[in-house]
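Participant: Chain by chain, the residues run as shown.
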Amino acid sequence: MLKRRIIPKLLLRNGRNVKGRQFVDLRDTGAPVTNARIYDAQGADELIFLDIEASDANRGLLYDIIAKTAEEVFMPFCVGGGVRTVEDVRALLLAGADKVAINTAAIETPSLISDAARLFGSQCVVVSVDFRRDGSRARVFTHGGRCDTVLDAVDVCRRAAELGAGEILLTSIDRDGTMSGYDLEITRQVADAVRIPVIASGGAGSSEHLAAAFLDGHASAVAVASLFHFSDHCPIKVKAQLKIAGIDVRAA
Amino acid sequence: MIAVVDYGMGNLHSVRNAFELIGADVTVTRDPEEIRAAERIVLPGVGAFGECVKNLEAAGLREVLQEVVLERGTPFLGICLGMQVLATTGEEFGVHRGLGWVPGVVRRFQGTDLRVPHVGWNEIEPRVESPLFRGLGHAPCFYFVHSYHFVVDDPRVVAATCDYGGPFTAAILYRNMFATQFHPEKSQEAGLRLLENFLDWEPVC
Numbered sequence: 025m026l027k028r029r030i031i032p033k034l035l036l037r038n039g040r041n042v043k044g045r046q047f048v049d050l051r052d053t054g055a056p057v058t059n060a061r062i063y064d065a066q067g068a069d070e071l072i073f074l075d076i077e078a079s080d081a082n083r084g085l086l087y088d089i090i091a092k093t094a095e096e097v098f099m100p101f102c103v104g105g106g107v108r109t110v111e112d113v114r115a116l117l118l119a120g121a122d123k124v125a126i127n128t129a130a131i132e133t134p135s136l137i138s139d140a141a142r143l144f145g146s147q148c149v150v151v152s153v154d155f156r157r158d159g160s161r162a163r164v165f166t167h168g169g170r171c172d173t174v175l176d177a178v179d180v181c182r183r184a185a186e187l188g189a190g191e192i193l194l195t196s197i198d199r200d201g202t203m204s205g206y207d208l209e210i211t212r213q214v215a216d217a218v219r220i221p222v223i224a225s226g227g228a229g230s231s232e233h234l235a236a237a238f239l240d241g242h243a244s245a246v247a248v249a250s251l252f253h254f255s256d257h258c259p260i261k262v263k264a265q266l267k268i269a270g271i272d273v274r275a276a
Numbered sequence: 010m011i012a013v014v015d016y017g018m019g020n021l022h023s024v025r026n027a028f029e030l031i032g033a034d035v036t037v038t039r040d041p042e043e044i045r046a047a048e049r050i051v052l053p054g055v056g057a058f059g060e061c062v063k064n065l066e067a068a069g070l071r072e073v074l075q076e077v078v079l080e081r082g083t084p085f086l087g088i089c090l091g092m093q094v095l096a097t098t099g100e101e102f103g104v105h106r107g108l109g110w111v112p113g114v115v116r117r118f119q120g121t122d123l124r125v126p127h128v129g130w131n132e133i134e135p136r137v138e139s140p141l142f143r144g145l146g147h148a149p150c151f152y153f154v155h156s157y158h159f160v161v162d163d164p165r166v167v168a169a170t171c172d173y174g175g176p177f178t179a180a181i182l183y184r185n186m187f188a189t190q191f192h193p194e195k196s197q198e199a200g201l202r203l204l205e206n207f208l209d210w211e212p213v214c
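Quick mapping for you: the protein sequence lines, in order, are chains A and B.
What the first sequence shows, in this note's numbering, is residues 25 to 276, in sequence order.
What the second sequence shows, in this note's numbering, is residues 10 to 214, in sequence order.
Keep in mind that the hints were calculated from the coordinates and are not lab data.
For clarity, every value in this text was computed on a predicted model and none was experimentally measured.
Incorrect hints may appear among the rest.
[What the hints assert, rightly or not] A short, non-exhaustive set of chain A residues, derived as facing chain B with CB atoms under 10 Å:
id, residue
1, Arg29
2, Glu96
3, Gly120
4, Glu191
5, Ser244
[To be verified] Just the calculated beta-carbon pair ranges, DEER-fashion:
id, chain 1, residue 1, chain 2, residue 2, range
6, A, Asp158, B, Leu30, 44 to 54 Å
7, A, Lys92, B, Glu42, 29 to 39 Å
8, A, Gln46, B, Glu211, 54 to 64 Å
9, B, Arg165, A, Ser255, 48 to 58 Å
10, B, Glu211, A, His167, 24 to 34 Å
11, A, Arg161, B, Arg165, 52 to 62 Å
12, B, Glu211, A, Ser135, 44 to 54 Å
13, A, Arg114, B, Gly146, 30 to 40 Å
[To be verified] Stretches of chain B that chain A covers, calculated by requiring three or more beta carbons in the stretch to come under 8 Å of a beta carbon on chain A:
id, stretch
14, 23 to 29
15, 118 to 130
16, 192 to 201
Glycine included, C-beta positions come from ideal geometry on N, C-alpha and C.
Please model the entire structure based on the sequences and the hints provided.
Facilitator: Spelled out as structure tokens, the structure:
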């Protein structure tokens, strides 16, 4: 049986890990390669790095972190932040990333999804969608949560899957950093609308939240940041608890 | 020396890093002479089937690999797409001819309730007794990420299966060729152990 995945999500700014709340109020959470090594030792299934201040000036720093991570950890990792062109995708893959997350450009130039899928395979194209609640609907925001696209998250994810995305990273901005649980309703709507894996993100605060993302949210994987950064939870512990809850996870 | 074949596709660094960690002397190369001189050949691969074969041919590597692997019997490891291209044909983005070393066809996963690609850690079930699986336990987990799988003509070449909407080929063992659909270089301890086993492997042809 395919195991449910636990994926630590590491935000990068100027070569350091940071974590905020609803995409603001960032706190330093340590050195990325060290964090990656710790999560590797703790049996994480995969890693996600998102460079939240991606610019041409700090690109070299990002490639350096990717290359060092690839030398030290032997599990897959996804890298995103400022990915605009097929060349950006290629450069990240060559630097050692296994998958590339496309966020703003997935909305502004959707052809990037299909171009990247054709050239490098769907398996490495992760479309990252950030949303805020608007009543029962979810509105997609780009540019690190700053621009309201007015687009519906379910529609955007469905379209991304049609264009060849291999996975969806679905982040609730409202829940981000609050540790109050994933937005299960929107996660389920998206997971039921596409036939590609969906990674629930934003709001993990306990192992119960993770279990709910799988059971009620129909997610294939969960992204976790604050829970691992700011509590005594680690992949080993949440996997043990998930196993007791009947979720099929890989032994840490 | 182990030659990791570089034909412009795939996670070459990861494969090299993994072999280096377990103490192997490894080079990433597309130089025919280096490939001819290698004691073991690794063909990684990420991307699309047709592109992969096209790139191998464009780099003039098809003949070299044929000579070294098929005629000379150098131990060979194919990973992911590097396993799939051994097939007769592949059906990704149209029908393409593969290397044809292991008869069979590479098909997309079918099934209405199946999410494709098949992404994540899944258990494999070894189907043969082989030193390649030494020390891995009875149902080890490996990392998979693929939308297509290899349907072989002769089931005797299947070294391990995995279940995703039914059993599919997780590994092939045929003469001096060992190939995995999963990524040992991304499968933490189990993966490194498998690569060590490959280094020690003396195929019986």
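Participant: Checking against the hints above, which ones are violated?
Facilitator: 10
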